[in-house]
Amino acid sequence: MTTRLARGGRLLNRGRALEFTFNGKRMTGYQGDTLASALLGAGQRLVGRSFKYHRPRGLVASGAEEPNALVNLGEGGTFEPNQRATTQELYDGLAAESQNHWPSLEFDVGVANNYVSRFLPAGFYYKTFINPRPAWKHLFEPFIRQSAGLGRAPKERDADVYEHFHVHVDCLVIGGGIAGLAAALKAAEAGREVLLIEQTAHWGGRAPVDGAVIDGAEADAWVKNTVETLEGMENVRIRTRCMGVGVYDHGYVLAYERLTDHDPHPDLPRHRLWKIRASEVITATGALERPLSFAGNDVPGVMLASAVRDYVVNWAVSPGDRTVVVTNNDDAYRTAIALKEAGLEVPAVIDARTAPEGPLVERVRALGVRVETGRAVAKVKGRAKVEGVAMTMQAGEGAVLEVIDCDAVAMSGGWSPVVHLWSHCGGKLVWDDAQAFFRPDPEKAPTGADGQPFVRVVGAANGAMTTADVLADAGADAQAAPEAAGPIEPVWIMPQGAGPELRSKMWLDYQNDVKVSDVQLAAREGYESVEHTKRYTTLGMATDQGKLSNINGLAVLSRSLNAEIPQVGTTTFRPPYTPISFGSIAGQARGDMFQPLRRTPMHAWHMANGAHWEPVGHWRRPYCYLQPAETVEEAVQREVKNTREAVGLLDASTLGKIVVKGPDAGRFLDMLYTNMMSTLKPGRCRYGLMCNENGFLMDDGVVARIDEDTFLCHTTTGGAEHVHAHMEEWLQTEWWDWQVYTANVTEHYAQIGVVGPHAREVLDLVGGMDVSKEAMAFMDWQDGELGGLPVRVFRISFSGELSYEIAVKAGYGRALWDMLAEAGREVGMMPYGTEALHILRAEKGFIMIGDETDGTVTPQDLCLDWAISKKKDDYIGKRGQARSHLTDPERWKLVGLETVDGSVLEDGAYAVAEGRNANGQRNVQGRVTSTYRSPTLGRGIAMGLIRRGPERMGEVVEFTRTDGTTTRAKIVQPVFFDPEGEKQNV
Amino acid sequence: MKRYSAFAIAREALRGHIGWERAWRSPEPKAQYDVVIVGAGGHGLATAYYLGKNFGITNVAVLEKGWLGGGNTGRNTTIIRSNYLQDPSAAIYEKARSLYETLSQELNYNIMFSPRGVLMLAQTEHEVRGYRRTAHANSLQGVKTEFVSPDRVKELCPIISLEGPRYPVLGALWQARAGTARHDAVAWGYARACSDMGMDIIQKCEVTGIRTEGGKVSGVTTTRGDIGCGKLGIVVAGHSGVVAEMAGFRLPIESVALQALVSEPIKPCMDVVVMANTVHGYMSQSDKGEMVIGGGADGFNNYTQRGSFHHVEETVRALVETFPIISRLKMLRQWGGIVDMTGDRSPIISKTPVENCFINCGWGTGGFKAIPGSGWAMAELMAKGASPLADGFEMHRFREGRFVDESVAAGVAH
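These protein sequence lines map, in sequence, to chains F and X.
Quick note, the first sequence lines up with residues 1 to 986 if you use full-length UniProt numbering.
Quick note, the second sequence lines up with residues 1 to 414 if you use full-length UniProt numbering.
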């Protein structure tokens, strides 16, 4: 059984015991434990169930590559599924439960799949569940879906917070083993700004575990020294618990720091996402050991040899009393040594090589361990735990020579450099035949915008597999003695001639239950590309993303195809290196900080006065102001009536305001708008239309000429940023030689509309400016003073009423609003919202961008030809509008619509026509663009686009309704109210 | 072709699965074919399939630079819907959706079409009006959709947060018969059926040139030699501009990377597909339990098929707001695919300036859902010279200004 050893554990603090629970059972570990080591220490070997066959699963690894030990952690707002026990540090009170089983981990009904697994080979679901057709939706899929997933879905909102860091460094070093430390020190000594990150809580990586000697002392001493030196340097930052997530184009790197996962704290950020721009990225990410493919290699108790070593040396955990070591290389002999030194039994080392030799092998032999060469594991005995191994000849077909009793197996199939970060951004790999792994191709590094490599790999990640080589590769000044090691012999299945029965018990992907036989089946069926095999078998698609399984799987594939491994190639490495929380990606942008709200200076007043809000772009505007016991519809109708009959107050601050200035400003605006703007006189305003290159109407608004060189362009609320960007695009890419500057000053000013028959009285009551008809004509603007505040007053109207829009510096906005509201009280003034605004304009037949336009409508469609200058040679969109389809007389054009029965047409209704098209769709002849109940007219009014509409006045057409019937409406002029403009010209 | 069935699996199980035949043959290219299709993605294979099935044209080769189904067919977020606004779009996407419904049976390959329903959230008044308009249009186009209330949204998707906080859910456009399918299986199923009809699917065969005689296409040069053809179909999303240039014409297309990602698998908590266009994100849960998430397209042109991060961040934070429970899930993998974007966000299925050379491209962010319809239309166009489903999607529409503008309805990738 697994147990805690009495002595040792270089990472343990035995002085601090920690209580935790696993599936409700109370257990004890120590500070410095991972959840995995604590579980093993507490004798818990069974930790989970596999995805497909629900086979019992124990720990295989000790780090990020662990495929089996995934747990549900915490509860309520801190519940998290799929947390990897090997990378979760233990804390007092930790509560974990195993996943993907029912009713319990020990007894799981799902294991039935295991007993029929021969009927469930790779891709079986593509070949069945086909008939009868409805069964997939109603029977098969719901059934399959029930067994989907690993951990439980969280139920509550996340209680934790997250944050982002943005940093720029000269050199980012990823990985805090001896290679990373040495490389960081080198870069730091050269005076560069260095950031060094390490995914675990500890520096030094594998070297201290493996007993490396650096500069004549234990590796731990060198590591400690180096870390202290780095900590003392001002140009260096170092972080543990911080993983390199992904390398992106142009030296952009993400790192994921787990700040409180090891010690939960409600007030501190749980994770921090680092967004790093680095001139050079050095990846020192080490290597991962590969399993061997023998029958029963997934039985709990079969572990990677390096993981066994980690558990013994770092955490003083015995993986078993009797551990058989199975290997094809020298490195696993270190595990035999570590086990022996810890006082544990090693019944045998089974080495697939026929004549291994070298100092490690000799040391193990000298320790009295039986070394069997040219041998293999035919089969692991036991179901839920290892009970022994059946030994056979590696060169044979699996005839059992001997059964060796044991309760654990340490396996090593060789190592694979961690090349993920190198590969993310285009770094290529070469197959190293001597060492049987892919390593970075130094000739094909990821390159930056200058075509120069920006990622460098050092240490084991670069294929340097001994301490001496690692230090040399990282350019360290430190030295280690060279080590002699025997060559690895690639062993992709064990034994070499294993038949179908054994191959169907050799696991490649432990979590997804992909076996050697599945890969061979895929190859047989023609899924020959490594990507096909992956997708067909789900090899490497589990939460470990194939860290353990990919190389073994593609080696099996290449053998099946009689191809060389490098010809088969790898699947694509994608970020993240290990999964990162969505919370960390969202960062601070949650709740109120998710797209922060833009507020006008009068926001608080609206809040206090019953505003019913509507999101408009990033703003929020009052849709209407609700009075007690009033519905939204009633409020809107009241606001319209009051504005028509008395006076209304509108917060128009959100309208875009862009200053266009310079000697060429007029010429520029002539290109931007369909109208002529250069002829506008200072002091005057003009309504303008702006089209895109295709000729479609994009935005509209009033342009005021401030002086000879300066224009103020108003845009729609939603269009301000877009229009400003449009201006800048043209100025920067086409007319870069024109002398024009633009500035978006939308938020610099509050703008208030005073609208209605009593508008002038309200301004007079506030006092300070002559806004009489004589002093200020329609479409004039003037600077002046109202109520003691400096203002700019525009006499413009979007309602057909007498109307002033008053701009004031944002800081004065609320004061002016209050003054106007106070003064207006005497003449029945009420605020009105966006919906009343819409109705007021629709009654007058004024178009609204986004309603009458949708990106496919030209000014000509809207009968706005009067606003298109005939004198200009060109404007943006002119050529687009000349295209045949845009000049087609059959185009849908703007008209008014009056329902025959006075009802309100539905939003978005289409006008149907006779017959159907070639695809069986009902023919149409137009559509509603705006539709409202008009309080002024007491009936439904609408605007719409109708084929040849203006030529069809008086004709009745039918519009769709949601209930399948139609509504009849008459085509009329789009101006429903005061067509002569008598109300505004007073 | 041996048929797939539960019985076939049982038979093979008893003999160690050694009797399964290849899903598709791996032939050497012949010197001449009636039709050559460049690109063995979903659209190219579907084109070949319907050429054979609907028109009896089976002397066909489908050439693939890499591995079949390895472009956007194998990279998308598997959503199938047809609630488009414009008539030509609704027609071809609805044709595709209806073909998907029976495709598993037709191909004898389970492509796992799952009509789980798609909700497109309306989170501003403007979106409400837009989706109401789409619902009206769909009712005339024979596409069954409805605009549903926030309460119904919550009922269909309990993990959604209706309150916002930023943009409250005001309703949604609901297409009950929309859903998802297993993307790879679509390519594999078509490939198996094409191969069975005697067509040659030739992988690792890159087209390097297009040969013409007197303005007519005569064949292609490839990394595996010259191949002659009577008609040529170019169906190479992501690289359409490159191949069109070989034929000597230019396309009004930009190629950009579109981002997608998945979470680690969790137990089922979401049955429908939800798309939230105002905040830019959409999500569904696969049959394996992963949350499948789509993001936006990068704002710059490239061919790298790499994921970048900025759109991932934008999408994830939108979805964490929309589905608060996902905050503690983890991103397992992100990737990118190269999409062809046209000016009106609608495809091109068209004759070209080169006689007997046809092109199918420009599906932008929405190609997977169209595969059967696209193949159907392209096959008809290539066989007969015209197809009602392809009407409106001609190349020359851009010169005429006759756009099929879908950006009107959906501002985000889909």
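In case anyone wonders, no lab produced these hints; they're calculated from the structure.
Don't take every hint at face value.
[Claimed, not checked] Some chain F residues judged to face chain X by a derived CB distance under 10 Å, without partners named: (1) Asn113; (2) Asn114; (3) Arg118; (4) Arg239; (5) Met541; (6) Phe696; (7) Lys878; (8) Gln881.
Just so it is clear, CB atoms sit at the ideal spot from N, CA and C, and this is done for glycine as well.
Note to self: Hint validation: F:Met541 versus chain X, beta carbon distance must be below 10 Å. Holds or violated?
What the structure shows: holds (8 Å)
Notebook entry, point to check: Is the hint on F:Gln881 kept, meaning its closest Cβ partner in chain X is under 10 Å away?
Noted result: With a minimum Cβ separation of about 8 Å from chain X (threshold 10 Å), the hint on F:Gln881 holds.
Next item on the list: Closer than 10 Å between Cβ atoms is the bar; does F:Lys878 clear it against chain X? Give me holds or violated.
Entry: violated (12 Å)
Notebook entry, point to check: Going by Cβ atoms only, is F:Asn113 closer than 10 Å to chain X?
Noted result: Constraint on F:Asn113 not satisfied, violated at 13 Å.
Note to self: Hint validation: F:Arg239 versus chain X, beta carbon distance must be below 10 Å. Holds or violated?
What the structure shows: Hint on F:Arg239: violated, closest Cβ of chain X at ~20 Å, above 10 Å.
Next item on the list: Could you check if F:Arg118 really has its C-beta closer than 10 Å to a C-beta on chain X?
Entry: holds (4 Å)
Notebook entry, point to check: Hint check: is the beta carbon of F:Asn114 less than 10 Å from a beta carbon of chain X?
Noted result: Given a least distance of 14 Å, the restraint on F:Asn114 is violated.
Notebook entry, point to check: Can we keep the F:Phe696 interface hint, with Cβ of chain X closer than 10 Å?
Noted result: holds (9 Å)
Violated hints for the displayed structure, listed by number in ascending order: 1, 2, 4 and 7.
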